[in-house]
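Number of protein chains: 2
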Amino acid sequence: MSLLVVGSIAFDTIQTPRGRAERVLGGSASYFSVVASHFTSPRLVGVVGEDFPEEHIATFKKHNIPLEGLERKPGNTFFWEGEYHADLNSRTTKAIQLGVFEHFTPVLPASYRDSKYVFLANSSPETQAGVLDQMDNPELVVADTMDFWIQSQKDALLKLLPRLDGLMLNDSEAMLLSGETNLVRAGHAVRAMGPKFVILKKGEHGAMLFSDDGVFVVPAYPTAKVEDPTGAGDSFAGGIMACLAVDGTHLHGRLRRAMAYGTVVASLTVEDFGLSRLINTSRAEIDHRLQAYREMLSF
Amino acid sequence: MSLLVVGSIAFDTIQTPRGRAERVLGGSASYFSVVASHFTSPRLVGVVGEDFPEEHIATFKKHNIPLEGLERKPGNTFFWEGEYHADLNSRTTKAIQLGVFEHFTPVLPASYRDSKYVFLANSSPETQAGVLDQMDNPELVVADTMDFWIQSQKDALLKLLPRLDGLMLNDSEAMLLSGETNLVRAGHAVRAMGPKFVILKKGEHGAMLFSDDGVFVVPAYPTAKVEDPTGAGDSFAGGIMACLAVDGTHLHGRLRRAMAYGTVVASLTVEDFGLSRLINTSRAEIDHRLQAYREMLSF
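Chains as they are written, first to last, in numbering that gives the first Met the number 0: chain A, 0 to 298; chain B, 0 to 298.
With the rest of the complex left out, here is chain A:
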C-alpha cells in the first residue's frame, strides 16, 4: 500500500558525549523515509533550500524514495544544532534556522493524493490538517506532535485529533496534554480525545500502545552503542508505518508487530550519527534484529 510522509528535511549539527557531526542530513521526513525505504518505496513531501546538495538527493534516490514531492525554494534549508547531555536523554538546542521551512505549506503532488498510509511528522496542527484536506481517502493517518503545539495551539490540535487514526507523542507530552501523571491513564485520556490509537514514546524505556486491543508495551531494544539519539522517534514511526503499509491486512493485531519493527529500527538509528547507520543497514539485518528482540521478550 502507498505510504506518504510529510515532514522536515534538515541539516543537523549534533554534539553528543560520543562525538560530533557537522551539517549532516536530518529532519523527520529524512529519517522516516530512509527507514521506510527498507520496507517499501515511501512518498516524501518536504522542502529544501538552494543549499541542499546533490549528494543528499542521491541518498534519497539510492533508497528508492521518489522526489516528486521534494520542493526546492529560494533560501536555506532548515538547520538545527543541538548538544546532548551526558545521559543522552536530554539535549539543548544551540541554534535553529528555519529557512525555507518557516513558511512551508505542503502541497501534495496530484499523484500522492490517493496515498493510503499517511504520516504527518511533527509540525503545527494546522499544517497537518491542511495536508489531510488534500487527501482523497486515506486508510490510516498517524500524526506526531510535541509540547510546543500542545502549549501554543491546543485548540487546533484538539480539532485535529478526531481526524486521526493514530497519534504519537512523548510520555511527558501525553501527561501535558491530558493532565494525568500516570502514563497508563494519560494514554487512555489522550485516546479519548479522538485518535483510534495512541503511541507513547518513552525513549530508552520503549513505548506503549493504547488501542481497542488494550494496552501493549514494548521495551527499547537494549543496544550498548548509543552514539546519537537524533531521529530515533522518527525512525520508530517509519518502521511502524512501513510495516503497516506493507502488511496490508486488518489493523487489529498488526500494530504490535509494527511497533516491534519500529523499536528495532530506532535502535539501529542511535548506533551512529545522523542517518549513517540506517543508510548502511538492510532489511535482512533489520529482520535479524527483530528475531533477536522477539527471543529476548519471550519467557
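I should point out that these hints are in silico values taken from the structure, not numbers from a laboratory.
Mixed in with the good hints, there may be bad ones.
All copies of an identical chain are treated as equivalent in the list; a pair is satisfied when it fits inside any one copy or across any two copies.
Below, a list of computed lysine to aspartate or glutamate pairs in the EDC-like style, where the Cα atoms sit at most 20 Å apart [as the list claims (entries may be wrong)]:
id, residue 1, residue 2
1, K201, D170
2, K201, D86
3, K224, E284
4, K224, D170
Everything numeric in this text was worked out from a predicted model, so none of it was measured.
Could you slot chain B onto chain A? The hints should help.
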C-alpha cells in the same frame, strides 16, 4: 527448594498523592515473604521490637511464613515515614527510626543454614556477607543493594559481589557503581565485578537482566492504578526468587520467566497501600495477570 530471605521488618507511614497509610506493616522482608508465600513457604529472618503487634504476626502465619527466624528484641521496630512526589517516581524520607534494626546482626536458626535459595535484602555488604558465612551450601544467592552502600562501603561491596549469583539494583545505582552512563554498558560492567547475573530495576519502566544468556528486558506491567509504590522492588525480588525456588530446574532460561512473575507481583503491590494488595491476592490472580502480560508482549 527452600527459600530464605534476610531483611527488614518495619512500620511504614506512607503519603502519596493518592492517600495516606499510618504505621502499616512494611520492610523488605515483609514484602518479599508475603509475595513468596503465594508460591512456596519462605523462611524469614528479621528483627522486630516490643511494639510489634500480634496482628502482623498473624499476617505472617496466615501466609505460611514460619516465624522461627523472627527475632523480638527490647526497643522499637524499625519505623520509616516517606512522602511520594506527584509523579510517584521519587520520594522524600520524612522520618526514620532504626530502632532494633540498628544493631541487628542476623543469626540464622540452625535449621535455616541449609537453605538453597537465598535473598539478601538491602543492608550493609558486611551484614550480607555475615549471613553468607552462616550458610552451608546455597544453590543461588541474590542480593539487593543501594546507593548508600555503594558510596560508603564500596570495598566491602566489591568483596561481596564475586560471592553472589545475582545482584539487584536500581538503574541509577548501577551507573553509580560502574561509572557508565549507558544502562546496557552499566549492566555488563557490574556483572564483570563478580555476580553471575545482574538485574537492573527501572521502576515504572521495567527491568533488565544481564546474564550468560545475553541481555533480556521486561517492561513494567502497565497498571493504571498506582496508589503506593512502596515495596515494588522487594515484591519484584520475591516473585523472582520464589519462582526460581519452585521451578527447581537449571537456571538458564528460567530467569526470564521469574522476572515476568516478579514484574507481575510488583504491579499488584503498587495498586494499594502497603501490603494490602498482596495479602488480598492469590496465586490464581497472579497467574492470570502473568498470562495477560505474556499476551501483551507477543507480536
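Structure-based check of all given hints:
no., hint, in the structure
1, K201 - D170, "both (6 Å within a copy, 16 Å between copies)"
2, K201 - D86, "both (14 Å within a copy, 15 Å between copies)"
3, K224 - E284, "within (16 Å within a copy, 39 Å between copies)"
4, K224 - D170, "between (24 Å within a copy, 17 Å between copies)"
Checked against the numbered hints above, the structure violates none of them.
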